[in-house]
Amino acid sequence: MQLTGSLFADMSAIYGNGLSTFPDYPAEIRAPHGTVSGVSGFQVHIGSGKVNTPGDFCDLLVAMNPAALKANAKWCKRHAMILVDEDAFDETGMKKAGFLTDNPFTELGVEDRTLIVSPITTLTKESLKDSGMDPKAILKCKNMFTLGMACYIYSRPLEYIYSYLEKKFAKKHPEVIEPNKKVLFDGFNYASNIQVIPNTYTVVPEEHPEKGTYRNITGNQATAWGLLAASEKSGLPLFCGSYPITPATAILEELAIHKSLGAKTLQAEDEIAGICTAIGAAYAGNLAVTTTSGPGLSLKSEAMGLAVMAELPLVVVDVQRGGPSTGLPTKTEQSDLNQALFGRNGECPMAVIAAHSPAHCFDAAFQAAKIALEHMTPVMLLSEGFLGNGSEPWKIPSMKDYPEIKPPFVQGILPEGEKFRPFERDPETLVRRWALPGQRGFEHRVGGLEKNHAGVLSTDPANHALMVAERAEKVARIARDLPVLTMQHGPASGALLVVGWGGTYGHILTAVREIGDAVSYVHFDYINPLPANTEELFSRFGKILVCELNSGQFADYLRAKFPGRDIRKFNKVQGQPFLVGELVEAIQKEM
Amino acid sequence: MQLTGSLFADMSAIYGNGLSTFPDYPAEIRAPHGTVSGVSGFQVHIGSGKVNTPGDFCDLLVAMNPAALKANAKWCKRHAMILVDEDAFDETGMKKAGFLTDNPFTELGVEDRTLIVSPITTLTKESLKDSGMDPKAILKCKNMFTLGMACYIYSRPLEYIYSYLEKKFAKKHPEVIEPNKKVLFDGFNYASNIQVIPNTYTVVPEEHPEKGTYRNITGNQATAWGLLAASEKSGLPLFCGSYPITPATAILEELAIHKSLGAKTLQAEDEIAGICTAIGAAYAGNLAVTTTSGPGLSLKSEAMGLAVMAELPLVVVDVQRGGPSTGLPTKTEQSDLNQALFGRNGECPMAVIAAHSPAHCFDAAFQAAKIALEHMTPVMLLSEGFLGNGSEPWKIPSMKDYPEIKPPFVQGILPEGEKFRPFERDPETLVRRWALPGQRGFEHRVGGLEKNHAGVLSTDPANHALMVAERAEKVARIARDLPVLTMQHGPASGALLVVGWGGTYGHILTAVREIGDAVSYVHFDYINPLPANTEELFSRFGKILVCELNSGQFADYLRAKFPGRDIRKFNKVQGQPFLVGELVEAIQKEM
Amino acid sequence: MATLTFKDFKSDQEVRWCPGCGDHAVLAALQRALPKVSQALGYDKERYVVVSGIGCSSRLPYYMDTYGFHSIHGRATAVSTGIKVANPWLTVWQACGDGDALAIGGNHFIHAIRRNIDINIILFNNQIYGLTKGQYSPTSKFGAITKTSPYGTVEHPFNPGSLVLGAKGTFFARSLDVELKLNEEIMTAAALHDGCSVMEMLTNCVIFNDGAHKTLSDPSVKADHTVVLRHGEKMIFGKDRDRGLIYDGKKIRAVHIGEGGFTEEDILVHDAHTDNIGIHMALADMKGPDYPVALGVIRDVRDITYDDGVRDQVKSVMAKAKIHNVDELLRSGSTWEVE
Amino acid sequence: MATLTFKDFKSDQEVRWCPGCGDHAVLAALQRALPKVSQALGYDKERYVVVSGIGCSSRLPYYMDTYGFHSIHGRATAVSTGIKVANPWLTVWQACGDGDALAIGGNHFIHAIRRNIDINIILFNNQIYGLTKGQYSPTSKFGAITKTSPYGTVEHPFNPGSLVLGAKGTFFARSLDVELKLNEEIMTAAALHDGCSVMEMLTNCVIFNDGAHKTLSDPSVKADHTVVLRHGEKMIFGKDRDRGLIYDGKKIRAVHIGEGGFTEEDILVHDAHTDNIGIHMALADMKGPDYPVALGVIRDVRDITYDDGVRDQVKSVMAKAKIHNVDELLRSGSTWEVE
Ligand SMILES: Cc1ncc(C[n+]2csc(CCOP(=O)(O)OP(=O)(O)O)c2C)c(N)n1
Ligand SMILES: Cc1ncc(C[n+]2csc(CCOP(=O)(O)OP(=O)(O)O)c2C)c(N)n1
Ligand code: SF4
Ligand code: SF4
Ligand SMILES: [Mg+2]
Ligand SMILES: [Mg+2]
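Protein chains in written order, with my numbering: chain A, 442 to 1032; chain B, 442 to 1032; chain C, 30 to 368; chain D, 30 to 368.
Bound conformation, chain A alone (with noise of 0.2 Å):
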């Protein structure tokens, strides 16, 4: 199914939808097949304009056994279509899904949609029973008649599917491309020829306004690629020490397919050794990333403060999950936010940013590098299995639009005699200067232990208390290089202010926009330092509701900081993304 969602997300994208999408699978690499919690989804969502949202509610749902019926009927919209594998359906079938009379659709309360009850997989066979395939393979095409019978439907040419087949499978298995073509088109065929199917849908593309090239993208490639596009604009080599957890593998694996670029991937033991080694690559100058998911991030604390007190650039990425603990590793969530601002010991500021959508990654991801180097300072990124699975259209950007990235290298040589002071800073910024090891004549140590400018020990209670406010305050500083804070929508003063942060963006944006000019809506991507109007942004409310993935905890952190506004909380704890509607009914609630 996941190959078959992507397929159709891809070629609708071609086509000129604007689309969102949303995989969503159990924990269980091959979970058992045919039971509830073994269903694995795709969801996809495509409209004309932007669609900033994998969608609630669906218009289509295919379910290829019981299962994936019980596990999603309630999803379906009240004119829905359902297309079922009747062959599936069997006694078998029914007593996995945990069905408890022999009629489905009744049991589920969806016997009022529109149903479409084939027998894919006997056509499917039929379909290929001369093609010489094996039978295992044929069935495995099941998807692609099924795909065939969803291009009729959304009146999709299968033109592109059927080139993907012929470039996907040209080289290892040309023999399948025939087959699989044959299945599609019979699919389509058998769609258009049942008179079940009421109604075909055309979504139309819209006249987009902004021409260029344009690409789909998973927001951690997309993680990925904006480090990369890091490393090119400061010259750095990329290094990425990471030890694999879901969802945030995909950007470890992205990169190590990017050698091409320089990039060096180390698989490291553990989430420890992955942020040490980073680390001590930063230390001898390279783009220093680590890339993990909530437990891993709990691994990294003690090792995030030794890049906050050694005052070295590092990227931490975070692809949130469901938590506490293992939790739930195949779903989404934002409750990594806390761990993110104070987990660690000591006074220890980090900065931290947030990205708002899978394609946002790519520029999150470069702010994220860009902030580090030239701040000296570890940077926390935030994502989320949401935005690091889901995927979006994203216009390419050209290289030349991005800027430099200079890191405030040591210059020139020292004066005989002279010593390097690590820790002296400039005035402005508070950065400190960075000297590489293979530098002449700059030698110097850094470390965990508190330190005065001049890189010597120190316990000196009056040193001890300065060190700490400057690295608060070099944190705090960043804020001078960010944009500020503008309207995502609505007036910009009011009754109410909708505040999201991450990846309730999409979300959030349309849920508003339902509601319409009496609300309005501002989204955060830089969490720590905060954009540097927001104060002043918030002045303009009387009240402000914060969205979140989690108990409250950006709402907390903004109560904290601005005492005495009127700050309240609409949280969601359920390893799932908000619905729309769910968002609507909240805000409409505060007004």
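Any given hint might turn out to be false.
Said to hold, decoys possible - Simulated pairs of lysine-lysine, DSBU-like, Cα-Cα distance not exceeding 35 Å:
1. D:316 to C:263
2. D:349 to A:700
3. A:570 to C:162
4. C:210 to D:279
5. A:984 to B:1010
6. D:210 to B:577
7. B:515 to A:860
8. C:279 to D:263
9. C:351 to B:623
10. A:841 to D:351
11. B:836 to C:344
12. B:847 to C:349
13. B:537 to D:162
14. A:566 to C:162
15. D:74 to A:860
16. A:1002 to B:984
17. C:279 to D:210
18. D:162 to B:577
19. A:537 to C:74
20. B:674 to C:344
Hint data in this document are derived by calculation from the structure and do not stem from the laboratory.
Since chain A is already given, all that's left is putting chains B, C and D with the ligands on it; use the hints.
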């Protein structure tokens, strides 16, 4: 000095004085003798009544070399006495300490204090020249000579020290008893003989209101003993899995001694193993404990999440030190509060309580264990270097006055065919029941993945939301078992409420007493959940001033909890306790 | 004590490994071995605790109807240690993957071995990260092409046997998922061994590393590529049982019996109980093409266990102690009276 | 390249170890060895990076006038690895204690060895935690009485040499703090070794574990209790150089030359370069009373290093690549035009 200081303290305590001590030592084992950074200090504050702090400024400074003088001269009161070993103030000594002139007293601006410059080294050698001891051993007796002098100054009889020496050396080195007595006696006499000592102090013991048996106790010792007490009261053997780290190690060391009370200590390979062995021990039915300091707490983050998720009783002790990173290992701070509250991935609530004085560590540790065992939750006990190493006299309690600890063990046997549902909760407390491996019929599985009440893995969104809410509410309901806040000082309502938590108690109390009834003061031993009457109590005051040894972490936490309250901050991050003087000033500024 | 059967160890949870995954067979062997162990040692079912980390293989506790702890990635060994020390009466089995035990959990693994804590560790070595979908592990072959090594790894794998011995292991056995009978035998031996028993099970991940152990499991060739070691028996192998291991002065060598002057007499007899760690190291280290891979119990020596040590020390200190309860503790040392 | 002397490697920071601490001597040996290494390999001083964890011994970087990183407890090896992979042109030395490298840092230690990353690790083994004031370490002797083991430990220590070999180490040497000359020799050999070099230095902590290595360092007995191994030389030892190591069929044995029919002929010649890990394991494992403790370079074999592997792979992929910059990357795969 450490030994001499604690001898003086013990003696004063027995004499009936109130007292408070604060050892302050460098990070090196044998820091280079004679340098300012190598100075090891021991602060003793005695008084007629209860003494709440080790004091800001001193009446008598004993400086055995120029470096010690340089490091501490600024703490001398206007009329203080300064006692130095003249022999150590030679050229080398002065140079090592970095003096630029010949006169250290003028250079430091303390020439107007009462200076007692005695050739202590020479006198000690002289005193012991016939003792038969080797020269090295004789030199070590300098401190004893000085102690003799101090005993004279404070009108202390020498008997206590005599009997201490006899006990200590009786078995292994009986030959050193007499020489030590002699040198002590000679020091005492020397002080009484020389005419330079203008006045001797007599700190008369107050009529203690509370009769009973007293002892001196350090915070780390009290923590260990409080845990042993909880082990006794719950009937569960104590298991402590820890990794050594300053300033928490002494708890592990203390427990290791008390195998006779059935305590098992496991010095683990690292902090992660420390907590994970403790979690295993908790599962197996021991009272499980892990002890650490900041960097170690960072490493335990992930496993704390496991304990939250598995809902197992566990006490995590964090003896805070200066951070971030390795920071200032031997200095004190309160900067791990954020990490204690928020340093875990996902929504991961833990109970957090804090000790407020060395002796209070006993009750705090007992309480932490009681809450953990009765509410099936990990509990964080926050101590501080200042408390752990500091000491005070303590009226020894009787164990019969402590409550029983009753974990929610499963009772009886399960009806045939019924399965144990490990995460079913008590409707009142939301606490689950505890079945120990080895009990027939209660076989069940726990772990870090989200589960339903039956203990079966579940990624169901509604179940996750429910479990997240229940875990949070379970911790919140602990407040029902906690004492409510009572005023430490001042009227029950007013313009300004001073708030403190943890080891700042003595200093703040002294400060508000100095200011008088115009200000009120309340101190938090319970951080999460907060005492039930917190909100109501806060509502009775105009302004709230939170004083803490970090950048304002508790204040921010309170702001998030009680939006709308006027919560202000007074902070110090110097690796040192508050001074009473600076507190008075800060509080008065807000009045 | 009721007689237990393999059904008693089967939980009501659906087994969720991929069809064809080698883990199924290891689970089956364990469910067959434990009734025998229980019989031999008089253990009731409730004394078993099955602990695991995170990974496909670490799902095992859900499939066993015993007490179970599915902990966090890499930490199973530490959790097991805590359980065993807290209550030595329990019998602890542990399931962990090559990533779980040797990557993130490597430190706990070697320390448990060093301490010789009496737990039984089944190491599911499929030479890949299964659960996270196919990244290389510390046992993946040099050059392995995986999701995180699209151009091949450039790092040497651990040989778990060598690592165990280097950490002073007292029990090490190796086998393959498909060797049901041998696995029962090994698991029983591990249970009887007092100390830390490590059982390396070479398992097949059909999805991400299919056929990794093919040369050792394929019935047509496996007899030539493996030698099953049993204490007191000669180290003979080969389809026709005509090959064996000899000692040629400094090293072990594989020879054909009857060729080059070697007779069955020359073939080494396996001594699993010898202290000589050099020979066990050499046996654990053997690999093709020159050597067969050693299966069976390679080392099984006695030494003091950590859990016994802790328990005995507590007992002996208690026996001699002057402080018997907390009231006495509080009053020990210097105290004074206020009257 | 300027000729460097030991003074060039001395920093202006006061050395803060206790008087008499063994670490002083190891520092001195390093400051003497590096000029020679620099000479031999043509390294300038700025190419050296000295990395450490936390512990008394880990203070070493402050005393070296080179680039230095005093990281966090146990993580030095990971930091070193990152430095070396990021810039293989740098030459990385690492100082760490027995607690730092083998307790909390055990995992990074064995993995760096397995990967054979080209760093030089000096393991200061004083068999105690110095900095935290005297708790036992993973190398403390069984039964050691320390602050956290008032009744003696109940756990077996690691032998660092065995652990290194079990993790597939390519270079292992052992020495004592006081053996200044031997240490220079070992450090030079380590520098010349391409791969992960582990040098175990048995150091004396005068404060918390004084005399732990006395039988090996005391001039009056050390010749009988240690054997210094040098590649190509016979394994002879003893005050009168009348003792040696032989191979008696299955095991190494210590004999008196001229007694029991053993002549100098029979004495083994040390081969540090052999692949035969069994013999290196046996040598590393030797201890009294039956054996002398082996000092010197016990194993020194060549193998691919991780840092070379990473660098070469990047190079070869770059050479063949179709994507040369990010613009090309962004336009690779499926794209479409909106006009
Ligand atoms: C702290 C942490 N890091 C990473 C992960 C992700 N993770 C889960 S299992 C696993 C490795 C699985 O491989 P292995 O241990 O060999 O077990 P297998 O699935 O092959 O049986 C990883 C990397 C995690 N759950 N937690
Ligand atoms: C995360 C963490 N845990 C614990 C410590 C405390 N600590 C510092 S050094 C040390 C061990 C020192 O022993 P070793 O590594 O043998 O070095 P030595 O001092 O003996 O040279 C410990 C436990 C720490 N600094 N950080
Ligand atoms: S992914 Fe591999 S290891 Fe995991 S269950 Fe499937 S076959 Fe087994
Ligand atoms: S405590 Fe021991 S290891 Fe540390 S400096 Fe002193 S002698 Fe050396
Ligand atoms: Mg595996
Ligand atoms: Mg040590």
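We went through each hint and held it up to the structure:
1. D:316 to C:263: holds, 31 Å
2. D:349 to A:700: holds, 11 Å
3. A:570 to C:162: holds, 33 Å
4. C:210 to D:279: holds, 32 Å
5. A:984 to B:1010: holds, 25 Å
6. D:210 to B:577: Within the cut-off at roughly 32 Å; holds.
7. B:515 to A:860: With a Cα-Cα distance of about 31 Å, the restraint between residue 515 (chain B) and residue 860 (chain A) holds, given a limit of 35 Å.
8. C:279 to D:263: Between residue 279 (chain C) and residue 263 (chain D) the Cα gap is close to 16 Å, so the pair holds against 35 Å.
9. C:351 to B:623: Satisfied, since the Cα-Cα distance of roughly 33 Å is no more than 35 Å.
10. A:841 to D:351: Answer holds: residue 841 (chain A) to residue 351 (chain D) is near 20 Å, not above 35 Å.
11. B:836 to C:344: holds, 31 Å
12. B:847 to C:349: holds, 30 Å
13. B:537 to D:162: Given that 35 Å is the threshold and the Cα spacing comes to 26 Å, the pair holds.
14. A:566 to C:162: This hinted pair holds, its Cα atoms lying about 30 Å apart.
15. D:74 to A:860: holds, 15 Å
16. A:1002 to B:984: Holds. Residue 1002 (chain A) to residue 984 (chain B) sits at ~17 Å (cutoff 35 Å).
17. C:279 to D:210: Since the Cα atoms of residue 279 (chain C) and residue 210 (chain D) sit roughly 32 Å apart, the hinted pair holds (cutoff 35 Å).
18. D:162 to B:577: The hint holds at about 22 Å.
19. A:537 to C:74: holds, 30 Å
20. B:674 to C:344: holds, 20 Å
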